[in-house]
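Next come the chains, spelled out residue by residue.
2 protein chains.
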Amino acid sequence: MQVLVYGAGQLAQMMYLDGAALGIDVRAVDVNSNTVVHPVSKARLDGTIAQAIDWADALTVEFEHVPEDLLEQAEASGKLLPGMASVLIGADRVREKQLLSRLDIPNCPYQIVTNVDQLPDCVQQLGERLIIKASRDGYDGYGQWRLNKAEELPQLQQQLAGLDLEKVPLVVEKMLNFDRELSLIGARSRNGEVMVYPLAENLHHQGQLHVSVAPATASNEALTARAQEIFTRLVEGMDYVGVLAVELFQCGETLLVNELAPRVHNSGHWTQAGAHTSQFENHLRAVLGLSLGATGNIGGDAAVSAMVNIIGCDDHQLALLSIPGVHLNWYGKSVRHKRKMGHINVTAESYQALGNKLQRLSGYLSTTHFPCLPDESQRLANIR
Amino acid sequence: MQVLVYGAGQLAQMMYLDGAALGIDVRAVDVNSNTVVHPVSKARLDGTIAQAIDWADALTVEFEHVPEDLLEQAEASGKLLPGMASVLIGADRVREKQLLSRLDIPNCPYQIVTNVDQLPDCVQQLGERLIIKASRDGYDGYGQWRLNKAEELPQLQQQLAGLDLEKVPLVVEKMLNFDRELSLIGARSRNGEVMVYPLAENLHHQGQLHVSVAPATASNEALTARAQEIFTRLVEGMDYVGVLAVELFQCGETLLVNELAPRVHNSGHWTQAGAHTSQFENHLRAVLGLSLGATGNIGGDAAVSAMVNIIGCDDHQLALLSIPGVHLNWYGKSVRHKRKMGHINVTAESYQALGNKLQRLSGYLSTTHFPCLPDESQRLANIR
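Taken in sequence, the protein lines are chains U and A.
Plus 82 on top of the position in the first sequence (first one is 1) and you've got my numbering.
Plus 82 on top of the position in the second sequence (first one is 1) and you've got my numbering.
Pulled out of the complex, with its shape left as it was, chain U reads as follows (with noise of 0.2 Å):
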């Protein structure tokens, strides 16, 4: 079985690896270069992209914001999983916001705005309080502005005026008072079959996210069953096959719909050592056809993983390997500022357990690059 990726980083990189171990050969495409790549060692692979598309059983993306004539070549080969609206939905805020509408599922209160002047209706109906996102190539935290106070609007107004809202309008969210970001990770396959993980507790700094923890502290029933719901009513509203990440605010005992990442995601990373399948096994073959793999915790229902992100540097100690249940993933990457560079994924027999071994773990890695670690490893440690 063959899969071509359009995307060639870590994602691309992760499904080779957990492809590669059932027989599963994935290639990635480098949309900057337009060449098929190997995705590990990113060595250029013979044949062109319309020859890999012939080889390949499946097509997929590990990134939302592929260019749409590749996109576009992709979809018509009949192949593209999950489809191209399904990828355009994940790339495109308004589109977003519609399919979230149309499937009548809770979201942040919003409006479009496709010229400044909308902007003073905008804090009438929602409040002065406001997020506003770029519709399109807005992820992690670029193409986003905030408005704390109605005086600030003649200052926004200013710096919005260069845009071209009318090519690229604006999503104006209010801001919530939400307690915390959770995100449910799950998996339909072509066949139909639908596979959630337990929801995901997410820690995010300057934009970016640098903790995960799932399952998610202090979640029950009710609120994994109403998370599922909403899982279940997108992937069959949009008949979507692959993995899904949604991203949830969670006020109070509703859940929000924050974002949609049609693909892998980072906040799903734990799987690979905490669960009995990793999302990139399972979206391998959700996108093949073949039986979704289990996606419990490995361990039992006491189990629990966490998965800090390595960003922007590579001067972790390598001796954190020596604790127990700690897995290191290195995406060979050269440094840069805010760039993902790895992560490490740790699993524990409770929150009790995973808070210590982080708190162990936090003494490997500098405070500059893991601020949240410490307090994290402390609030787990002390959940009885």
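Keep in mind that the hints were calculated from the coordinates and are not lab data.
Everything hinted at is true.
Any copy, or any two copies together, can satisfy a pair, since identical chains are not distinguished.
Heads up, simulated EDC-like pairs for lysine to aspartate or glutamate below, C-alpha to C-alpha not over 16 Å straight-line:
hint : residue 1 : residue 2
1    : LYS415    : ASP107
2    : LYS124    : ASP107
3    : LYS415    : ASP112
4    : LYS161    : ASP321
5    : LYS161    : ASP139
6    : LYS415    : ASP397
Please read all numbers here as calculations on a predicted model, not as lab measurements.
Mind docking chain A on chain U? Use the hints.
This is chain A only, laid out in the frame that chain U set:
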């Protein structure tokens, strides 16, 4: 970090896959063509073996029958781990027996035979039930003969008459009524750290490993301690670095060493799914001087694993992937009689659950190629 493996089969492939996640690049030497290849695709890589030796931080082997000129070249670099002497012990039963005697490690009573005329003396010393093994190039049941009664001796002598026993002596062993075969896989790192996995219990059929179960059923602390003591004496006595597999016969309370493999081993494949750190990752860690990873079971003390070899066939139904805790590993080779094509790892929370899963699994496999599975799954399912 970079490792060059002599041998380009599934063991090098699995080292590559586990290494890649850690940012360790693994390349393989195809000892048939004397070229450097990619361990998964087997595509030829640029450069000579000498250049690859320069490139690597450590050299290692995936099998003990590496041609001696290649081994000498590797050893001369000072980077070969385990060293040449250790590799040759695995390749030569006479050296192996001498090592076991030198370190005073219990093993099957034996004689070395360099002339068929010495065989009657073996019968006198060891009894009429004998296993006769070529000292070199004999593995997986090839190059072995049996004597069941003294009357068959002339026939056997005739059969062996054509061999150059001065060059390749025979090791003649007393055929023991052992209870079962166990194996202990463990690692010793460059800095002397030693860690062992739980004992595995191995089921053979026609000279090939078919099923391993770990931890071995009906094992106890005394048995485990004895096996660990043997392991430690071996690796320290050999100044061994890397993963070592020790095959043991259990006769009542006694453990006898049957065979050593100076490498990752088929009976340790269960560690991929069942242990915190796989034997492949720990082998790379050991030869690179990194901390060794935890060798305990994922899922705590009651958790158990099985490994089922796929031999000489590719007719398994992929629907087996739907069984929770079942992991397929496929080597990507063409089918050949008695060839190891892949393996299936199964994890479960108890022997009983493991037996039930193996029973379900055997529904997706042909009895012709998996003859041991029905009885073994029954046996495990009955353990209370």
